[in-house]
Every structure is written in structure tokens, then in C-alpha cells.
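Q: Chains A and B supply the protein sequences, listed in that same order.
Residue numbering for the first sequence follows numbering that gives the first Met the number 0, beginning at 0 and increasing consecutively.
Residue numbering for the second sequence follows numbering that gives the first Met the number 0, beginning at 0 and increasing consecutively.
Among the hints, a few may not be true.
[Stated by the list, open to error] Some chain B residues judged to face chain A by a derived CB distance under 10 angstroms, without partners named: (1) 31; (2) 35; (3) 39; (4) 41; (5) 42; (6) 54; (7) 95; (8) 98.
[As the list claims (entries may be wrong)] Below, in silico cross-link-like pairs of lysine-lysine (BS3-like), each with a Cα-Cα straight-line distance of 25 angstroms or less: (9) B/499 - A/52; (10) B/97 - A/202; (11) B/365 - A/52; (12) B/97 - A/199; (13) B/10 - B/156; (14) B/20 - B/10; (15) B/98 - B/20; (16) B/34 - B/82; (17) B/25 - A/199; (18) B/251 - B/82; (19) B/499 - B/556; (20) B/188 - B/25; (21) A/202 - B/363; (22) A/202 - B/98; (23) B/415 - B/281; (24) B/156 - A/202; (25) B/281 - A/202; (26) B/10 - A/199; (27) B/82 - B/25; (28) A/199 - B/20; (29) B/556 - A/199; (30) A/199 - B/445; (31) B/158 - B/25; (32) B/251 - A/202.
Please keep in mind that the hints were generated in silico from the structure rather than gathered at the bench.
Heads up, the beta-carbon is just placed ideally off N, CA and C, and yes, glycines get one too.
Okay, here's what each chain looks like letter by letter:
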Amino acid sequence: MNYQIVVLIKQVPDTQNVGPDAMNADGTVNRAALPAIFNPEDLKALEMALQIKEQYPGSVITVLTMGPERASAIIRDALSRGADRGIIISDARFAGSDTLATSYALACAIRKIGEFDMVLGGRQAIDGDTAQVGPQVAEKLDLPQITYAERLLELNGKHIVLTRRLDNGVETVEAELPVLVTVTASAPDCRYPHAHLLLKNAKAQAEIWNADAIRPEIERLGLKGSPTKVKKIDNVVLAHKEGVQVECSEAGINGLVMTLVQDHIIG
Amino acid sequence: MNFYDDNDSLKFHLTHPDMLKIAAMKEQDFVEHGKYGDAPANAEEALENYGRVLSLVGEIAGEVVAPNAEEVDHEGPRIEENKVVYAKGTQQNYDVLKKSGLFGISMPRCYHGLNFPYVPFIMTTEIISRADTGFATIWSLQDCAETVSEFADQALKDKFLPRIYEGATCSMDLTEPDAGSDLQAVRLKATFDEAANCWRLNGVKRFITNGGADLHLVLARSEEGTLDGRGLSYFLYDRADGGLTVRRLENKMGIKGSPTAELVFNNAPAHLIGERRFGLIKYVMTLMNDARLGVGSQSVGLSEVACREAEAYAAEREQFGQAIVRFPAVRDLLMTMRARTDATRTLLYETSRMVDLYKAYEAKGKNMTPEERAAYKAALRSADILTPILKLSASEFANRNAYDCIQVHGGSGFMKEYACERLYRDARILSIYEGTSQLQVVAAQKGIANGTYLSKIEEYDSRPLHGSLEPLRAQLREATENCKALLELPNSEEQGYDFKRMQTDVIAAIIMAYLLLSDSQRQLDGDESCSRSFLPSARYMAAYARAESVRCLAMAKSYSV
């Protein structure tokens with residue numbers, strides 16, 4: 000048995016290692032100052048796919064991303080870790096996509112890739128933190144979806160059994176293939192690149208598909224296809240002046256509780 | 000953390016002008032391009048490939064090996080059912096590196112290797128040693144593949160080289176209870192078993208690094224009745240064939256993660272490597288030079304981490320209202336540590352380049368032109384004289400850096416909370432194993448007596464230099480004159496060894512200083528691969544070489560009166 004696996008990946012600004020110039024004066028992200036990295040949870044999804052391929056050597060892993068051509072860097076990275084094929088869907092007509100338009104474009108691309116047994120992806124990207132794209136792709140492709148997946152327990156050609164990491168515990172779920180799975184941060188880390196693949200793919204170019212290649216309804220793409228409108232962006236800076244020092248004594252604690260009750264925060 | 004990307008002095012040495020030639024020769028004019036997906040098309044691409052793999056090793060060293068080092072030091076290996084079980088972190092390091100296909104860096108591509116020359120392989124050892132010097136011993140034993148590749152017959156190569164790539168661990172079993180520095184005294188017996196058509200090993204080996212390994216290269220006495228090195232042959236033993244007991248693991252002062260075992264061979268079946276009687280005099284001598292290069296790289300890695308630990312602490316620790324790095328007493332210590340690191344590193348890669356060059360010419364065999372033959376001999380001579388002074392200086396300087404690293408930390412450095420106490424313990428073996436410092440002095444004697452060192456110094460001295468470096472060259476010329484006077488003094492009988500040691504140390508200091516001058520010259524010529532100037536280190540080493548020459552000459556004169 001082998002599996003056809005599509006892994007959704009995204010190149011994101013490294014918001015986990017921000018320097019002093021990470022934000023523009025207007026509160027938007029200064030993308031130029033942040034290195035572009037492989038979205039961390041997408042790497043975990045790739046690892047899950049690689050483990051499946053290790054167990055079922057004939058399996059084929061295709062990584063798919065939507066973005067500018069410079070996203071080739073994460074495609075090469077994925078290939079050097081063991082993915083078989085990399086595709087970027089890239090077109091000016093995708094610009095301004097919200098999660099609805101993005102998931103639509105990705106779903107069209109997955110249909111074009113052809114037969115598949117599973118679509119894997121990170122739970123969410125560290126730049127938007129929406130966790131919506133995976134589930135929306137599942138809806139559009141009419142697939143069962145398992146979110147917050149942590150560990151693969153079983154795969155038998157027809158079914159997949161996974162654990163889900165939730166706030167209040169771990170849930171074991173089963174779904175029929177084909178399925179869409181989003182993988183969470185506590186899943187196993189992705190392996191490092193393999194030396195031979197690293198050198199072999201050092202100059203590899205991703206396949207680039209434009210909008211026409213995925214045969215979409217053009218009005219569902221990009222800004223036009225995106226109902227989400229940004230009204231304004233606030234630059235929220237947490238200032239120390241709003242902090243209150245509470246004395247570590249019974250009187251201090253009582254005072255804090257009273258304030259919280261008065262503000263209707265508790266009680 | 001990436002221990003390659005954050006240290007651009009490695010990039011500086013990787014892009015040394017000779018490297019293009021070394022890459023081209025190693026790739027035999029790129030015959031494998033097109034046949035293997037990872038074989039480069041030209042020398043520039045080969046160098047880029049070295050950098051890519053070094054960056055991968057640097058990432059694993061920084062993210063996996065270094066964070067594991069402390070726990071590995073506490074846990075150490077153990078024996079379970081006659082098998083050596085690594086500390087958890089050691090096993091994880093090994094597994095991650097294996098999964099990334101990194102055990103086979105210098106092996107030929109037909110055995111899944113990367114076919115890298117020595118310079119980048121030695122850099123990986125430096126990088127791993129910066130993360131954990133104990134683990135660097137296990138890492139660099141993949142070099143056993145080089146011995147098999149160079150000297151074993153085709154059938155052995157085909158059988159065992161792929162296994163090393165797949166992660167079979169290796170050891171070199173030389174030392175015995177009564178044969179340490181004197182390997183000619185090896186007694187472990189090898190007899191040919193006619194019935195089974197194989198060799199059988201019987202006897203004891205001691206202090207065997209990575210002694211629980213899957214594959215062992217064993218030095219044994221195959222010629223009954225002989226007493227010296229000419230009766231020794233070299234064997235490959237596969238642990239899977241049985242006949243080996245791991246009797247004990249040593250409880251060591253440092254590199255505690257690296258298992259050091261006592262082994263008992265009992266009728267263990269083994270394969271002969273190469274020809275009988277060449278075990279010590281040819282094969283072990285060759286790999287011993289490689290091993291000394293390996294200890295040189297471990298030493299430089301340890302010097303580097305000692306610098307970094309000291310620099311970080313000095314920037315953070317405040318006394319008298321400011322960071323202690325601002326006090327001259329601390330700042331100067333840090334500068335001296337950095338100079339020692341730069342000096343031994345430049346000697347390390349100069350030596351590695353010479354090894355690469357002579358091996359590349361050697362591979363041409365009888366096809367060498369007369370010019371190539373001359374170049375081969377020159378490179379071989381250089382490698383021979385540079386290797387002992389590298390092993391000597393790098394290991395001794397690493398110890399001094401480890402000592403000074405604790406000094407920068409003050410009282411805190413004496414406590415177990417900081418890495419510097421582990422570095423201090425780990426450094427101590429460097430000037431002992433694979434030939435003590437004293438034996439390196441002995442190994443340098445031939446080059447001293449026949450004038451090879453002095454002609455090497457003349458060669459370095461004749462290189463064109465920027466005017467601003469001339470005062471440093473003048474100091475080194477003075478040091479060389481003192482050195483010549485030192486070499487001409489009649490040897491004192493009571494202090495005969497000290498004389499030799501002083502001569503060797505002064506020669507080493509002069510050579511390291513000249514190499515740093517060349518590095519500074521490269522930077523003045525516009526090489527920007529290293530963001531940090533080597534000039535401060537060059538100034539320090541030139542002054543140091545001159546001062547050492549004055550001191551040693553004065554001391555030797557006092558003795559010869």
C-alpha cells in the first residue's frame with residue numbers, strides 16, 4: 000500500500016524571533032526586517048507525511064503553497080527533507096486573499112494535482128493565526144477533517160486513526176480516507192534535511208502554476224473573493240503605566256479582589 | 000543556533016584560494032557530475048556544497064548536540080548485556096546525524112558518501128567539538144571508513160563501507176595494557192584458521208574509544224615470534240560475528256559521554272586489511288596522522304566554545320557598576336583566548352589543505368607529471384611537519400583557553416553550574432590521546448634536524464605583504480633568528496627533552512604567526528568572508544612568537560653553560 004499525500008505549507012515572516020525593527024510606524028509588520036521561514040506547524044505536518052512515507056515507501060509527498068516565487072526556498076527545504084514534488088501557485092490575481100479565497104485557490108490546485116489519500120497542513124500559520132485555511136479546504140473538497148492532530152496511530156488503506164491534542168485532554172479519532180488533517184505544535188519535530196537531498200535540490204525550482212492553471216472561477220480569487228475587509232489596524236503597545244503593584248499581604252490581596260469584583264471581572 | 004553560520008572564520012578558511020584546486024582534484028575534474036544528483040559540475044559548486052553541508056552540521060550541532068552535552072556528561076554510557084549503551088543524548092545525537100546521511104562525509108559516492116576532502120570534514124569535527132568534545136570522538140571515528148577505503152580489498156569495501164553510511168559505529172583498537180605510546184609492543188594475537196578460512200583474534204585491548212562499536216579496526220600480531228612493529232597486521236572485526244567481551248568502561252575525568260572500553264577478544268573472526276606486516280608501519284601510521292588532525296580539530300572546537308562562554312559571561316556579569324568585559328584584565332584575557340583560537344585554527348586548515356593536496360596527487364598514482372610529483376612531495380612534506388606542531392599547539396592552547404575561561408568566570412567558574420568546568424575536564428585528554436604532546440615533540444625532530452621547518456618558515460616569509468604588516472614580519476624575522484640560534488646551541492644532556500620542546504614550541508608559534516599574517520593579508524586584499532579582522536590575533540601571535548624565542552633562547556643558553 001502506498002499513499003498520495005499533499006502537504007500544505009506556507010512561508011511566513013519569523014514572528015517568533017522579532018528584532019527592534021519588526022514593526023512599521025503604522026503598526027503593520029515590517030516584512031523586510033523579518034527573515035522568511037517555513038511555518039513551524041507546517042513542518043510538523045511534513046514530518047507526519049514523511050513518517051507515512053517511511054512506513055510505506057512507495058508513497059508520494061507533494062508540497063503545495065500559495066505565494067510569491069521566493070517561496071521556492073521552503074519548497075527546496077521540503078524537498079531536502081524528503082518531499083517528492085513542490086508546487087507554488089503564484090499569480091497577481093491571488094493578491095489580497097483572505098482565508099476564504101486562499102482555501103478556494105488551494106482546493107482548486109489540489110483537484111488539479113489529482114488523486115490523493117490525504118491533505119496535511121499545520122494547524123495555523125504564525126503570521127495570521129487564523130487556523131481557518133485547513134478546515135475551509137476540507138469543506139471545499141468535501142473531506143472529513145481532523146484538526147489539532149498530534150500523533151498518527153494507525154493507517155490501513157481505508158482509515159486513519161490519530162490523536163488530537165485539546166485543551167482538556169487527548170482525543171483519539173478515526174476517519175475515512177481521503178481526509179484532511181491539521182497538525183498541532185506538540186506533534187513530533189520535523190527531521191533535519193538529508194545531506195544528499197540537500198545537495199541534489201540546492202538549485203531545484205518549484206513548479207509554478209498561475210491562476211489559469213488551476214481553473215478557478217476568477218471572481219472567487221484574491222481581493223474580489225475575500226469578504227474579510229480590514230477596517231483599521233491598531234498598534235497595541237502594552238505600556239507599563241497600566242500595571243498595578245499589589246502588596247504581598249492579606250490587605251493587598253483583599254484590595255485586588257475588591258477591585259476585580261467592582262470591575263465585574265469576577266463575582 | 001547554527002555553529003557554522005555564526006562563525007564566519009570557518010567560511011574564511013573554506014574559501015581559501017587553494018580550495019578550488021583541492022575541490023577540482025578531489026572531484027577528478029568532475030567526472031561524477033550527472034551520474035550522481037549531488038555531484039558538483041565545477042569547483043565553485045563543490046565549495047557551495049561543502050558550505051551547505053557544514054551549515055546542516057552546524058544546525059544539528061547547535062540545536063541537538065550542544066543542548067545534550069551537559070546531561071550526557073552526567074549520564075555517561077554503561078554496559079548492558081555485553082553491549083555499550085550510550086547516554087540518551089549521545090544516542091539522539093547519533094540518530095539525528097545518521098538520519099541526515101552524514102556518516103560518510105569523505106566516503107566515495109558509490110558507497111553513498113559525499114566525497115568531501117579533508118578540509119570540510121575537519122570543519123565538521125571542529126563544529127561538533129564546539130558542541131560536545133566527547134561526542135566529537137564518536138563523530139570523527141567515521142574516518143575509519145577512510146582507512147578501509149584506502150587500504151582494504153574491494154570485497155571488504157563493498158561489504159563494510161555501505162554499513163558505515165547506514166550508521167554502523169566504528170572504533171580503532173590499538174592500545175593494550177602494555178602497549179600505549181609504544182605500539183610496537185602490541186601482543187593481541189592473530190592466527191589464521193585454515194578450517195574456517197579466516198583470521199582469529201585473541202587478547203586484550205584497553206582504553207578503546209567507542210569500544211562498543213559495530214566495526215573494529217584492530218592492530219594485532221600476526222607473525223608469531225616477532226617482537227617489533229614489523230610483525231603487526233591490521234584487521235577488520237565485525238561485532239556481529241561474536242567473540243568479543245566488553246570487560247569494563249573507564250570512569251574518566253572528561254569526555255565522559257565517549258565510552259572508553261576494555262575489550263577481550265576470544266577467537267573472534269576477523270578480516271585482514273591490506274597486506275600482512277604493514278599494520279603498524281603503514282596503515283596505522285597513516286591513520287594516526289589523520290587522527291592527530293582530528294584531535295587538532297577537536298581542540299580548536301573546544302578553544303572556540305571556551306572563548307564564547309567567556310565572552311558571553313564577561314558581557315553579562317557586572318561588577319563595580321559595569322560589565323566585567325570593560326576591565327582591561329578581563330578584556331585582555333579574552334583577546335588572548337581569541338588569538339590562540341585563530342592561531343590554531345589557521346594552522347589546522349593549513350595542515351588539512353596539505354593533507355588534501357598530497358592525497359589528491361597520490362590518487363593520480365603513476366599518472367603524475369614531474370611537476371605534479373614535485374608538488375606531491377612538497378605537500379606531503381608540509382603535512383608531515385605541520386601535523387605534530389598542530390596536535391601539540393592546538394591541544395595545549397585549548398587547555399589554556401579552558402583554564403582562562405574559568406578565570407573569566409571567577410568563583411562561578413569553579414561551580415558546576417557553568418559549562419566551563421566541563422570544558423576544563425574535556426580539554427585535558429587532548430594533549431594526551433593519539434600521541435602525547437611529548438611524542439609530538441619527538442615527531443617534530445626529523446623536520447627540525449633536516450631543516451624542513453626552517454625552509455617552510457622561509458617560504459611563508461617570502462610571501463608579499465601589505466606595508467602595514469611589515470613591522471609584524473620584522474618581529475617574526477627576529478624570532479626566526481633567535482630560533483636558529485636556539486637550534487644551533489649544543490644540546491644539554493640533563494635538559495635534552497626541554498631543549499627539543501622549546502625548539503618545537505618556538506617553531507610552532509612562528510608558523511602560526513606567519514599564517515595569521517597571510518590571513519590578514521587576504522583581508523587587506525579585500526576578502527570579506529570573515530567579518531572580524533584577524534589583525535589583533537596576528538599582532539598578538541607575532542609578539543608571542545618573538546617573546547617565546549627570546550625566553551627559550553635565554554633559558555637554553557643558561558643550561559648549555
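Q: Could you run down the list of hints and mark each one as holding or not?
A: Evaluated hints:
Taking 10 angstroms as the C-beta cut-off, the interface hint given for residue 31 of chain B is violated, the closest approach to chain A being about 12 angstroms. The interface hint given for residue 35 of chain B is met, as the beta carbon of that residue sits about 8 angstroms from the closest beta carbon of chain A, less than 10 angstroms. Against a cut-off of 10 angstroms between C-beta atoms, the interface hint on residue 39 of chain B holds, since the closest Cβ of chain A lies about 8 angstroms away. Taken as an interface hint, residue 41 of chain B does not check out: its beta carbon lies about 13 angstroms from the nearest beta carbon of chain A, beyond 10 angstroms.
Among the interface hints, the one on residue 42 of chain B is violated; its C-beta lies about 15 angstroms from the nearest C-beta in chain A, farther than the 10 angstroms criterion. A cut of 10 angstroms between beta carbons decides the hint on residue 54 of chain B: the least distance to chain A is about 9 angstroms, and the hint holds. Interface hint status for residue 95 of chain B: upheld, as the beta-carbon distance to the closest one in chain A is roughly 6 angstroms, under 10 angstroms. Of the supplied interface hints, the one on residue 98 of chain B holds, with its beta-carbon coming within about 6 angstroms of a beta-carbon of chain A, less than 10 angstroms.
At most 25 angstroms may separate the alpha-carbon atoms for a hinted pair to count; residue 499 of chain B and residue 52 of chain A exceed this at roughly 61 angstroms. Between residue 97 of chain B and residue 202 of chain A the alpha-carbon distance is near 24 angstroms, which keeps this suggested pair within the 25 angstroms criterion. For the hint linking residue 365 of chain B to residue 52 of chain A, the alpha-carbon distance of about 48 angstroms lies beyond 25 angstroms, and the restraint is violated. Between residue 97 of chain B and residue 199 of chain A the CA atoms are separated by roughly 18 angstroms; this keeps the pair inside 25 angstroms, and the hint holds.
Taking the CA atoms of residue 10 of chain B and residue 156 of chain B, the gap is near 33 angstroms; set against the 25 angstroms cutoff, the hint is violated. This hinted pair checks out: residue 20 of chain B and residue 10 of chain B have alpha carbons roughly 17 angstroms apart, not beyond 25 angstroms. Restraint check for residue 98 of chain B and residue 20 of chain B: not satisfied, since their Cα atoms lie roughly 31 angstroms apart, outside the 25 angstroms limit. A threshold of 25 angstroms between alpha carbons decides the hint, and for residue 34 of chain B with residue 82 of chain B the separation of about 40 angstroms lies outside it, so the pair is violated.
Of the pairs offered as hints, the one joining residue 25 of chain B and residue 199 of chain A holds, with about 19 angstroms between alpha carbons and a cut-off of 25 angstroms not exceeded. Proposed proximity of residue 251 of chain B and residue 82 of chain B is supported: the alpha carbons are some 19 angstroms apart, at most 25 angstroms. A hinted pair counts as satisfied when its Cα atoms are at most 25 angstroms apart, and residue 499 of chain B with residue 556 of chain B qualifies at roughly 13 angstroms. For the given pair, residue 188 of chain B sits about 38 angstroms from residue 25 of chain B by alpha-carbon distance, which is inconsistent with the 25 angstroms threshold.
Proximity of residue 202 of chain A to residue 363 of chain B is assessed by CA-CA distance (about 31 angstroms); at most 25 angstroms being required, the pair is judged violated. Restraint check: the Cα-Cα separation between residue 202 of chain A and residue 98 of chain B comes to about 22 angstroms, which is no more than 25 angstroms; the hinted pair holds. A C-alpha spacing of about 44 angstroms is found between residue 415 of chain B and residue 281 of chain B, which places the hinted pair above 25 angstroms, so the restraint is violated. A hinted pair counts as satisfied when its Cα atoms are at most 25 angstroms apart, and residue 156 of chain B with residue 202 of chain A does not qualify at roughly 32 angstroms.
For a cut-off of 25 angstroms, the pair hint linking residue 281 of chain B to residue 202 of chain A is broken: about 42 angstroms separates their Cα positions. Among the hinted pairs, residue 10 of chain B with residue 199 of chain A is consistent with the structure: their alpha-carbon atoms are about 21 angstroms apart, no more than 25 angstroms. Between residue 82 of chain B and residue 25 of chain B the alpha-carbon distance is near 38 angstroms, which puts this suggested pair outside the 25 angstroms criterion. A distance of roughly 22 angstroms separates the Cα atoms of residue 199 of chain A and residue 20 of chain B; the hinted pair therefore holds under the 25 angstroms criterion.
Only pairs whose Cα atoms come within 25 angstroms are accepted, and residue 556 of chain B paired with residue 199 of chain A is rejected, the gap being roughly 62 angstroms. Simply put, residue 199 of chain A and residue 445 of chain B have alpha-carbon atoms about 46 angstroms apart, too far for the 25 angstroms limit, and the pair is violated. Restraint check for residue 158 of chain B and residue 25 of chain B: the C-alpha separation of about 24 angstroms stays at or below 25 angstroms, so the hint holds. In summary, the hint linking residue 251 of chain B to residue 202 of chain A is not supported, as the alpha carbons are separated by about 47 angstroms, beyond the 25 angstroms threshold.
Checked against the numbered hints above, the structure breaks hints 1, 4, 5, 9, 11, 13, 15, 16, 20, 21, 23, 24, 25, 27, 29, 30, 32 and satisfies the rest.
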